[in-house]
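**Student:** For reference, the chains in residue letters:
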Amino acid sequence: MASLKRWVLVGLVGCMALALAYVPPRGAKSSGTTLFVGQSRQGTPARQRAQALAEEWRNADAAVRLLEDRQRVKGNSFRTSPAIVFRGATPPPNVVRNVETVMDSVWRRLGLAETKVQVTLVIELQRPNGSADRPTPLQDRVAYLPPDSTHRTICMAYLPAGPYWTLVILGKRDARHEGFGRLAQWLQAGLGPCAFYAAYGTPGRPVQSWLAARNWDVGLYLGSSGIAGERFSSLTLLGDRRFRWFWDGVYSFSPATVACLAGRPSGCRTAVLAGAAEERTIPIASIVLVERRWWQTQRLLPGERYLGDVARTVGRDRFLSFWTSALPVDTALAATLKRPVGEWTADWQRGFVAPIRLGPAPPLGGVALALAIAVFAIGIVTATASRRQIR
Amino acid sequence: MRIILVLLAVSGVSRVLVGQRWERQVQERVQRTIAAVGTPSGLPVVRRSGMLNTDEAASFQTTLAQHTPYAIIAVCDDDCSRLQLTLLTSSGSEIAKERNSESLPTLHFTAATSAVYGIRVVMEACRWNPCWYAIAVVPLRKIPS
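Chains as they are written, first to last, in the working numbering: chain L, 1 to 391; chain P, 1 to 145.
The hints are simulated quantities; they were obtained by calculation from the structure and are not laboratory data.
Since we're looking at a predicted model, the values are computed, not measured.
Some clues are possibly wrong.
[Unchecked claim] Chain P is nowhere near these chain L residues, computed Cβ spacing over 10 Å in every case:
| no. | residue |
| --- | --- |
| 1 | E114 |
| 2 | S321 |
| 3 | A326 |
| 4 | S386 |
[To be verified] So the derived list for chain P, only partly shown, Cβ under 7 Å to chain L, looks like this:
| no. | residue |
| --- | --- |
| 5 | R24 |
| 6 | V46 |
| 7 | R47 |
| 8 | T54 |
| 9 | T68 |
| 10 | F109 |
| 11 | N129 |
| 12 | P130 |
[To be verified] Here are a few chain L residues that sit away from chain P, every Cβ distance over 12 Å (derived from the structure):
| no. | residue |
| --- | --- |
| 13 | A46 |
| 14 | T115 |
| 15 | V117 |
| 16 | A199 |
| 17 | F246 |
| 18 | A262 |
| 19 | W323 |
Glycine is no exception: its CB is placed at the ideal position from the N, C-alpha and C atoms.
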């Protein structure tokens with residue numbers, strides 16, 4: 001009986017040791033407030049429904065405004081760089097001139113001059129809250145109206161300025177601190193797919209369908225200098241392991257995106273060509289509405305500049321042949337890159353994020369402790385067995 | 001003061017013309033082609049122009065007079081490398097098609113009877129969409145009375 005008690009005690013001690021080793025206290029409890037997800041607390045069902053309706057109204061309102069503005073600006077602009085239209089408030093003429101000057105420099109930096117598709121940038125300045133019977137207009141999402149068969153040469157970009165940029169544009173915030181460099185970056189990022197339309201024209205049907213299927217996530221930014229030196233990208237948010245939300249971000253990505261982050265060409269290929277197999281009918285006046293947290297829905301990191309980097313790498317002529325190709329996207333892209341898409345993309349990805357390790361990776365301390373426990377258990381069993389006597 | 005006004009006027013003109021480079025290109029091109037084909041003065045030349053993306057088509061109808069020889073020509077901008085031109089009956093049946101002349105397809109046609117005919121242009125290859133095109137229906141001599 002005493003022997004049995006001793007064995008039960010040894011078993012319990014062993015279980016506790018294993019629990020301590022493999023269920024560390026830091027993993028036992030979730031804070032429930034991850035910075036990465038950043039969801040607001042849920043309201044009542046009635047409030048949620050009201051918010052959903054307001055969201056729908058804002059999206060529809062933004063689409064109607066873009067269509068109206070397109071009708072208004074048609075053929076009115078003589079600028080080679082994007083025409084700029086202000087909504088929400090009427091800024092003084094010197095402010096308009098300043099913003100146009102900054103946009104001209106952005107345009108030159110992108111290497112653009114006169115283009116077949118003209119861009120009109122609608123900047124929605126922050127206005128006071130709407131009246132009680134209607135929600136405020138879309139003020140935190142960027143929207144685009146690409147050219148279609150009714151307006152083949154106009155691409156509209158809707159850029160809500162929000163409180164911060166409204167103050168900067170209106171000169172109510174000290175420009176010495178904000179600087180026009182940042183304003184230029186904001187305007188350049190706001191061009192989105194319209195910059196691609198301006199630089200390379202309307203894409204062929206396969207590319208257009210592919211980009212529409214993935215909401216243009218690989219063509220949101222046509223930078224001229226690559227990621228280095230740019231102040232904001234999805235990398236800033238998700239690509240830095242020093243931030244504690246890095247792994248939250250990794251776990252939120254699709255398996256192909258994670259595989260690509262690990263440097264696997266097959267994963268990169270899948271991530272790039274997602275949506276390429278779909279044959280979509282692109283409606284006339286198809287609005288591209290960029291997600292509020294677009295960096296969370298990307299399939300590549302930093303996906304927003306993928307096509308821009310492809311274009312810079314292969315040169316204008318080869319990129320144009322891809323852009324307007326009638327071939328399937330995978331064939332056309334591989335022909336343009338002169339390499340398999342997955343391999344090229346894996347190399348590109350490696351330039352931004354060091355490949356992560358996939359699969360089980362136990363911590364060194366945990367392995368040492370487990371081995372010590374195993375040796376301890378084997379020792380006890382051996383010692384007990386050596387003393388065991390059969391009577 | 002006059003110099004400033006002239007400079008302003010010149011800059012204004014150049015700004016107006018900006019954005020119409022490709023359109024001007026095809027208009028000049030079609031004008032030169034009409035001159036090269038040669039048409040008796042006083043005869044009306046039907047002209048149409050527009051822009052198309054790769055693989056898109058546009059068509060219009062025009063009346064061709066009996067026993068009058070016509071040259072139907074199409075031109076496009078520098079980014080276009082292949083343009084297809086088709087002459088159709090009013091019911092849509094193809095009478096003639098030209099797709100071998102790359103960016104300058106030309107059809108010669110003499111109508112047996114005065115009727116409405118269709119003309120269709122297809123942008124078969126455009127490396128920077130959209131590409132501008134222009135079509136001219138040129139009567140080559142006066143209708144014999």
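**Student:** Confirm or reject each hint.
**Tutor:** Hint by hint, here is what the structure shows:
no., hint, result
1, E114, "violated (6 Å)"
2, S321, "violated (7 Å)"
3, A326, "violated (7 Å)"
4, S386, "holds (85 Å)"
5, R24, "violated (12 Å)"
6, V46, "violated (23 Å)"
7, R47, "violated (19 Å)"
8, T54, "holds (6 Å)"
9, T68, "violated (34 Å)"
10, F109, "violated (29 Å)"
11, N129, "holds (4 Å)"
12, P130, "holds (5 Å)"
13, A46, "holds (47 Å)"
14, T115, "violated (9 Å)"
15, V117, "violated (8 Å)"
16, A199, "violated (9 Å)"
17, F246, "holds (40 Å)"
18, A262, "holds (37 Å)"
19, W323, "violated (8 Å)"
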